[in-house]
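Novice: Numbering (our numbering), first residue to last: 97 to 471.
The hints are simulated quantities; they were obtained by calculation from the structure and are not laboratory data.
One or more of the hints may lead you astray.
To be verified - Label pairs and their in silico Cβ distance ranges:
#, residue 1, residue 2, range
1, 122, 303, 16 to 24 angstroms
2, 262, 345, 38 to 46 angstroms
3, 399, 447, 42 to 50 angstroms
4, 143, 347, 27 to 35 angstroms
5, 442, 161, 19 to 27 angstroms
6, 447, 259, 55 to 63 angstroms
7, 345, 243, 30 to 38 angstroms
8, 209, 469, 31 to 39 angstroms
9, 399, 459, 53 to 61 angstroms
10, 435, 459, 22 to 30 angstroms
11, 447, 161, 54 to 62 angstroms
12, 356, 259, 45 to 53 angstroms
Unchecked claim - Straight line, CA to CA, 25 angstroms or less: simulated SDA-like cross-link-like pairs of lysine to any residue:
#, residue 1, residue 2
13, 158, 175
14, 195, 423
15, 195, 441
16, 195, 236
17, 158, 201
18, 195, 136
19, 158, 148
20, 195, 97
21, 195, 410
None of the values given here were measured: they were computed from a predicted structure.
We put the beta carbon where it would ideally sit given N, CA and C, even for glycine.
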Amino acid sequence: MSTRVALVGVNGHGRWHLDNIARLAATGSVTLAAACDLAPVQADSGRILDALDAPLFTSYEKLLDATQPAVVVLVTPPATHLPLATQAMAAGADVLVEKPATVRLDELDTLIETAGRLGRLCQIGFQSSGSYAPERIAETFAAGTLGPLRQVYAAGAWSRPPAYFRRAPWAGRRFLNGAAVGDGALANPFAHALMNCLRIAGVTGEAVAGFETELYHANDIESDDTSSVRLRRDGLTVNLAVTLAADRLVEPYLVAAGEHGALRWQYTTDELWLDRDGTAIQDGTAIRVDLPPARDLLPDLLDARASGREPLCPPRHCRAFTALSERLLDGPEPAPIGASHLTGTDPVTVAGVTDLVVRAAAAGELFSEAGATWA
């Protein structure tokens, strides 16, 4: 039986969800009951809506009243997630909420409580949660093959033009009109890296404290675009180093390191590699670990509805991530990187930052400890 789905937020990343819903509609598993966006949609998106015979609303309330969807997919600014998800669940729908679920921990706990009280399911759109890689990593360390887990780290170096930070009113901002939005490198473009590090470290459901952070920006923005963070806990180091001002691009990757080797996961391509001696990744002799195809979070939510199980990424799994996001907002403002360290204007790059990111991540260091002259 086809499940009636509504998409709220068609433009921007919403287009990815529209294409995904159209793909699922072709299999008969879903019907796009309606879509909603406050802005005019792009012509090609409009053609997809027409082909699916899905009406387009500019009022969320009218969409819920008129179409009564079984599932609502929310691709809206983070500050709107809690009220919009609450409305959908109160109307009898289950929800898939784009990441981050909320900016504040108390909002996340309210979302958890509301879903439980109303008996609704909520899936958070950390798409890489559908990968089998974290399960394979956990199985490998449980078997003792690589010794005890000592460090989980991630690194990533992307380049974003100034237009990226103007893509929406909340882009590049920590606060907008008094509301927390937290659009920093760690909380948004590299959110999957952070979420997966915490997941593999086994600290997803806790409001973890004790994070050390160093936040900087090369671009003329309020939020961070070049960031390092570290958590030390029970002999395990969890740390990340990332930038959106790369002088050399490195796709984000995550490493789970033990005493006798490591596993490296490039989550954007869902490739997992086993490095038994600590040098195989560099010299090209690492062993590729076979993974089943990753699970799509919307079909997973549909399956959870049918089976009564919990979806892959419920809000409770996001508490540690949200605790850190809140720490980033409430801590010191990101510091500007001096102009003498920058080159270019579109995009802006930080000289030597990619090597720094890779080195700091592997060493479990913050930027200031890894030799950044601007930190």
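Novice: So does residue 447 sit 55 to 63 angstroms from residue 259, Cβ to Cβ?
Specialist: 22 angstroms, violated
Novice: Starting from the hint 19 to 27 angstroms, judge whether the C-beta atoms of residue 442 and residue 161 obey it.
Specialist: 45 angstroms, violated
Novice: Under the criterion that the straight-line Cα-Cα distance not exceed 25 angstroms, is the pair residue 158, residue 175 satisfied?
Specialist: Satisfied, since the Cα-Cα distance of roughly 21 angstroms is no more than 25 angstroms.
Novice: Measure nothing beyond the straight line between the CA atoms of residue 158 and residue 201; if it is 25 angstroms or shorter, mark the hint as holding.
Specialist: Judged against 25 angstroms, a Cα distance of about 30 angstroms means the pair is violated.
Novice: If I claimed the Cβ atoms of residue 356 and residue 259 lie 45 to 53 angstroms apart, would that claim hold in this structure?
Specialist: 46 angstroms Cβ-Cβ, so the 45 to 53 angstroms window holds.
Novice: Would you check the hint for residue 195 and residue 441, treating anything up to 25 angstroms between C-alpha atoms as holding?
Specialist: 29 angstroms, violated
Novice: Hinted pair, alpha-carbon criterion (25 angstroms max): residue 195, residue 136. Please report holds or violated.
Specialist: 23 angstroms, holds
Novice: Given the proposed pairing of residue 195 with residue 97, does the C-alpha separation stay at or below 25 angstroms?
Specialist: This hinted pair is violated, its Cα atoms lying about 28 angstroms apart.
Novice: If you check the beta carbons of residue 399 and residue 459, does the distance land in 53 to 61 angstroms?
Specialist: 41 angstroms, violated
Novice: Between residue 447 and residue 161, does the C-beta distance stay in 54 to 62 angstroms?
Specialist: Check passed, 56 angstroms falls within 54 to 62 angstroms.
Novice: How does the Cβ-Cβ distance of residue 143 and residue 347 compare with 27 to 35 angstroms: does it lie in that range?
Specialist: 32 angstroms, holds
Novice: Honestly, do residue 122 and residue 303 meet the 16 to 24 angstroms range at C-beta?
Specialist: 42 angstroms, violated
Of the hints listed earlier, those the structure fails to meet are numbers 1, 2, 5, 6, 8, 9, 15, 16, 17, 20, in rising order.
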